[in-house]
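Student: If you want the building blocks of each chain, they are given just below.
Number of protein chains: 2
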Amino acid sequence: MTNGAQLLVQTLLKSGIDVCFGNPGTSEMHFVAALDSIDGMRCILKLFEGGVTGAADGYYRMSGRPAATLLHLGPGFANGWANLHNGRKAHTGVINIVGDHASHHAQYDAPLTADIDGVIRSVSQITRRTTPQTLVADTQAIITAAQAGQTATLILPADTAWQSVSTENTAIPDPVAPVRTLPSLADLDAAAQLLTQPGAAIMLGNRALHAEALTIAGQIAHKTGCHLFADFFNARMARGRGRVQPIHLTYSTAINQTLLQDVRHLLLVGAGQPVAFFGYPGQPSLPTPAACHIVPFAAPTADLLGALTQLAHHIGATDPAPIPVYAAPTLPTGETLSAATISQAVAALLPENSIVVDEAIALWQHLNPATVAAAPHDWLAITGGAIGHALPCAVGAAVAAPGRPILALEGDGSAMYTIQSLWTMAREKLDVTVVILSNRGYQVLFSELKKMGIDTPGPTATRLLEMSDPAIDWGGIAAGFGVPFGRATTLPAFIDLLQQGFATPTPLLIEAVI
Amino acid sequence: MTNGAQLLVQTLLKSGIDVCFGNPGTSEMHFVAALDSIDGMRCILKLFEGGVTGAADGYYRMSGRPAATLLHLGPGFANGWANLHNGRKAHTGVINIVGDHASHHAQYDAPLTADIDGVIRSVSQITRRTTPQTLVADTQAIITAAQAGQTATLILPADTAWQSVSTENTAIPDPVAPVRTLPSLADLDAAAQLLTQPGAAIMLGNRALHAEALTIAGQIAHKTGCHLFADFFNARMARGRGRVQPIHLTYSTAINQTLLQDVRHLLLVGAGQPVAFFGYPGQPSLPTPAACHIVPFAAPTADLLGALTQLAHHIGATDPAPIPVYAAPTLPTGETLSAATISQAVAALLPENSIVVDEAIALWQHLNPATVAAAPHDWLAITGGAIGHALPCAVGAAVAAPGRPILALEGDGSAMYTIQSLWTMAREKLDVTVVILSNRGYQVLFSELKKMGIDTPGPTATRLLEMSDPAIDWGGIAAGFGVPFGRATTLPAFIDLLQQGFATPTPLLIEAVI
Numbered sequence: 069m070t071n072g073a074q075l076l077v078q079t080l081l082k083s084g085i086d087v088c089f090g091n092p093g094t095s096e097m098h099f100v101a102a103l104d105s106i107d108g109m110r111c112i113l114k115l116f117e118g119g120v121t122g123a124a125d126g127y128y129r130m131s132g133r134p135a136a137t138l139l140h141l142g143p144g145f146a147n148g149w150a151n152l153h154n155g156r157k158a159h160t161g162v163i164n165i166v167g168d169h170a171s172h173h174a175q176y177d178a179p180l181t182a183d184i185d186g187v188i189r190s191v192s193q194i195t196r197r198t199t200p201q202t203l204v205a206d207t208q209a210i211i212t213a214a215q216a217g218q219t220a221t222l223i224l225p226a227d228t229a230w231q232s233v234s235t236e237n238t239a240i241p242d243p244v245a246p247v248r249t250l251p252s253l254a255d256l257d258a259a260a261q262l263l264t265q266p267g268a269a270i271m272l273g274n275r276a277l278h279a280e281a282l283t284i285a286g287q288i289a290h291k292t293g294c295h296l297f298a299d300f301f302n303a304r305m306a307r308g309r310g311r312v313q314p315i316h317l318t319y320s321t322a323i324n325q326t327l328l329q330d331v332r333h334l335l336l337v338g339a340g341q342p343v344a345f346f347g348y349p350g351q352p353s354l355p356t357p358a359a360c361h362i363v364p365f366a367a368p369t370a371d372l373l374g375a376l377t378q379l380a381h382h383i384g385a386t387d388p389a390p391i392p393v394y395a396a397p398t399l400p401t402g403e404t405l406s407a408a409t410i411s412q413a414v415a416a417l418l419p420e421n422s423i424v425v426d427e428a429i430a431l432w433q434h435l436n437p438a439t440v441a442a443a444p445h446d447w448l449a450i451t452g453g454a455i456g457h458a459l460p461c462a463v464g465a466a467v468a469a470p471g472r473p474i475l476a477l478e479g480d481g482s483a484m485y486t487i488q489s490l491w492t493m494a495r496e497k498l499d500v501t502v503v504i505l506s507n508r509g510y511q512v513l514f515s516e517l518k519k520m521g522i523d524t525p526g527p528t529a530t531r532l533l534e535m536s537d538p539a540i541d542w543g544g545i546a547a548g549f550g551v552p553f554g555r556a557t558t559l560p561a562f563i564d565l566l567q568q569g570f571a572t573p574t575p576l577l578i579e580a581v582i
Numbered sequence: 069m070t071n072g073a074q075l076l077v078q079t080l081l082k083s084g085i086d087v088c089f090g091n092p093g094t095s096e097m098h099f100v101a102a103l104d105s106i107d108g109m110r111c112i113l114k115l116f117e118g119g120v121t122g123a124a125d126g127y128y129r130m131s132g133r134p135a136a137t138l139l140h141l142g143p144g145f146a147n148g149w150a151n152l153h154n155g156r157k158a159h160t161g162v163i164n165i166v167g168d169h170a171s172h173h174a175q176y177d178a179p180l181t182a183d184i185d186g187v188i189r190s191v192s193q194i195t196r197r198t199t200p201q202t203l204v205a206d207t208q209a210i211i212t213a214a215q216a217g218q219t220a221t222l223i224l225p226a227d228t229a230w231q232s233v234s235t236e237n238t239a240i241p242d243p244v245a246p247v248r249t250l251p252s253l254a255d256l257d258a259a260a261q262l263l264t265q266p267g268a269a270i271m272l273g274n275r276a277l278h279a280e281a282l283t284i285a286g287q288i289a290h291k292t293g294c295h296l297f298a299d300f301f302n303a304r305m306a307r308g309r310g311r312v313q314p315i316h317l318t319y320s321t322a323i324n325q326t327l328l329q330d331v332r333h334l335l336l337v338g339a340g341q342p343v344a345f346f347g348y349p350g351q352p353s354l355p356t357p358a359a360c361h362i363v364p365f366a367a368p369t370a371d372l373l374g375a376l377t378q379l380a381h382h383i384g385a386t387d388p389a390p391i392p393v394y395a396a397p398t399l400p401t402g403e404t405l406s407a408a409t410i411s412q413a414v415a416a417l418l419p420e421n422s423i424v425v426d427e428a429i430a431l432w433q434h435l436n437p438a439t440v441a442a443a444p445h446d447w448l449a450i451t452g453g454a455i456g457h458a459l460p461c462a463v464g465a466a467v468a469a470p471g472r473p474i475l476a477l478e479g480d481g482s483a484m485y486t487i488q489s490l491w492t493m494a495r496e497k498l499d500v501t502v503v504i505l506s507n508r509g510y511q512v513l514f515s516e517l518k519k520m521g522i523d524t525p526g527p528t529a530t531r532l533l534e535m536s537d538p539a540i541d542w543g544g545i546a547a548g549f550g551v552p553f554g555r556a557t558t559l560p561a562f563i564d565l566l567q568q569g570f571a572t573p574t575p576l577l578i579e580a581v582i
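So the sequences go chain by chain: A and B. Here the numbering used here is used: the first residue of the first sequence is 69, the next is one more, and so on. Here the numbering used here is used: the first residue of the second sequence is 69, the next is one more, and so on.
Hint data in this document are derived by calculation from the structure and do not stem from the laboratory. Any given hint could turn out to be false.
[To be verified] Where chain B lies over chain A, by a calculated footprint (3+ residues, C-beta under 8 Å):
hint, segment
1, 90-101
2, 339-352
3, 541-549
Source: prediction; values computed, not measured. All residues carry an ideal CB built from backbone N, CA and C; glycine is no exception.
Taking the hints into account, I'd like the entire structure generated from these sequences.
Tutor: Pasting the structure below:
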């Protein structure tokens, strides 16, 4: 006899879902036993659920396939909420398997009883609470939604997992691939007409920023003269020498207003309309000019490569865009380690085909322009702004893309949120070089106080924003989790360590003291 | 002019809310500035929101007063969800201040925009989204609910924080103390009648387990011959030599069934009905006999000391209960460090008036009986079963109860969830001795597999449940966060370290290798 947990594992495997990041508890033990008894699922333990969901996000961004997560009731799901939020904003498909109490036990207010449906629905886009009778259909619906780019969740009551499933409910139909929409002829006509207007531009997002789609977007821009834009934070953006490079918006709304000032028609291809990260007193929420006409063309989860290909064909855009010839960046010189010299060093040393997972706020101003001419690479950003993303995301990206070096750029404050991911890097021997920008505090928040006119914060604000008393001993943290460590206070030391990180296929933690 | 943030700080202070645990972000910077410009609030930075909410829980349990938490939008709240859940199950009052986007910015799908109301409502018992016009009334409603033992949340949009409040809205009425209910005369009559029945017992919970209430419960038991019970996990339980000791239920439903087998009438005083932690195939959810009559007498948030006092008066129970005379536990001997010898050493060395924060599953079987005769102490348990509780709870307890030594007992798996709390212990120089039961895995889950008949798990299950590859280097972790460290592999070494931890008023991390 097959129990529900075994049937669930079989259903996942039949759809090619073969990676599971997890942190199980008592209510998930039948699922763990099923994973143990059926071959085919790679299971990766994370020591905290924020790492579980962040890894699933990085895995999808690099493989295009959803991973399963294994989470323990309401608290386990809630611990993973923030990186599910980041993933949702990246249109990451993920299959959350959340254990719950046995149905007969749910009526009692046991310690772990909570509003599990409520916390799940606050971030999950499709949720099914399954039963032995509906398990296959529920699971396949969840899988299809995840494959289409949704945050999808299966609540698995413990008794559904342990009960035998009667044979009429164990047949697993062939999986149905999700349908990604394509533009209609009317959409293509309208887009073609729009792109001939003065001030026409295309805002690219999601898979429209993958390498092949960018090439086609370049053809369209070359044919029509329209500008290409990309938002500041993207799920995955192909960058570097030899690639079509859209105008990359920044964190600053004022700068974005300047970049977008001449745009009158903005065609959205996989992107939302650009919007300020936060609202400020008397400042606009939108960086686009008031006269700008925003035209949705392809939704973020549409077939974006197909949409761009059809559009290019529709307007006869067959010639490749001329790509500026950039000289390879050179290594910076001198002794001073700063955001600028770190960014230059990264640009010069980044290996071809590497993956950058970026959450280092202290670098943004310098790093984006510095890496335009770096070797071709993919760039994964913190799309939902929920900090604690880069380390888990790097884990998932490394699992999805073996053989590609990963550079995780992290602030010290953000790193603390999901620092347990270092352990999984060590255990799985992942090729991740982690650079911690060690400025001993939430320096971005001191800048926010400055914007408010507070140049010299008092002791209470200072104590809430700085981390120097005591300073984190990053060597201790790295040793704690089994990751080799180096500390750089000078530029040459940083360059040495970064070269060492890229040269070895296992993790290294570099503290860059700035 | 007063802005909303300043008015909020003034309203909190007027109600005596003067401790704030937080991890702020951009949307909370006007609140941070207000805290900086108005004297009176002690602000304590935690490096992760799970630590923020867990500290607020520990603070309430020991002080009886709610702390404020400062959380950054949906993700910040979600990161704190698990320990809010633990706190909710302990009837901990907490005032969550959650920043949100400025109202005019909420319509755009900015990166940090999420279903913040949904995630909050899934654990918060009262929630207000405030405005400059309603800020004082909203805040006072939240405070009153928190003082009565509720999880209460104020959503503070950034523009409410930064806007000037017109003078008709800045008056802060005198705070209204929450009303904790007392039993009616009919309740007292019914309880008095019930306690004369054969098989009568009282289940004590929440403040009915504080020292003074226990004494009165002892008088009632002495007068009527009823038994006193306490559930396994309690918010705070006064224990040790010289105290009335209710029969303490265990984690095992089978043992609890035996302990409760003769109970026919169970009066609930601040407790819920006892229930199994998890449901298992073919096992009961309730440990009480089918014939047991469960009678609610006083709700967990009622005036439990008042209720017990009135009941004692009503039945003329004025004589103190005879307390068994226990000899002080003696130190164990030999070399072997085990759950049993660690428990004996803790029992022998626990200082008078200390506070134990317990999340060490590996010890439960031994520790509870061993400490019955320890010096008088308070015991705080993980009421909601969401792991990652003990370290943050110890921070809050230490802030609430300066001068009282704290012993935090943690499993290695659980410790990893909110390990960042070590840093706040170092920064605030808190008198916390942390003992990590280092068994390199989630050993309780191997026991669960055994219950399912799996004595020898395969490689997949093993890899999901054990943490030995690599083993956490606890010395590195402690150094990383600035906490002194000692490692014990033998009993004498453990005893030395524990004595050292209790002798110094600052934190010490002890790894007990078992």
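Student: Each hint needs a verdict: does it hold in this structure or not?
Tutor: Each hint, compared with the structure:
Judged by the Cβ-Cβ criterion of 8 Å, the segment 90-101 of chain A is covered by chain B as claimed, because 9 of its residues qualify and three suffice. Given a C-beta distance limit of less than 8 Å, the hint that chain B covers the segment 339-352 of chain A holds, as 9 residues qualify and 3 suffice. Chain B is given as covering the segment 541-549 of chain A, and this holds because 9 residues of the stretch bring a CB closer than 8 Å to a CB of that chain, at least three being needed.
When the structure is compared with the earlier hints, no violation turns up for any of them.
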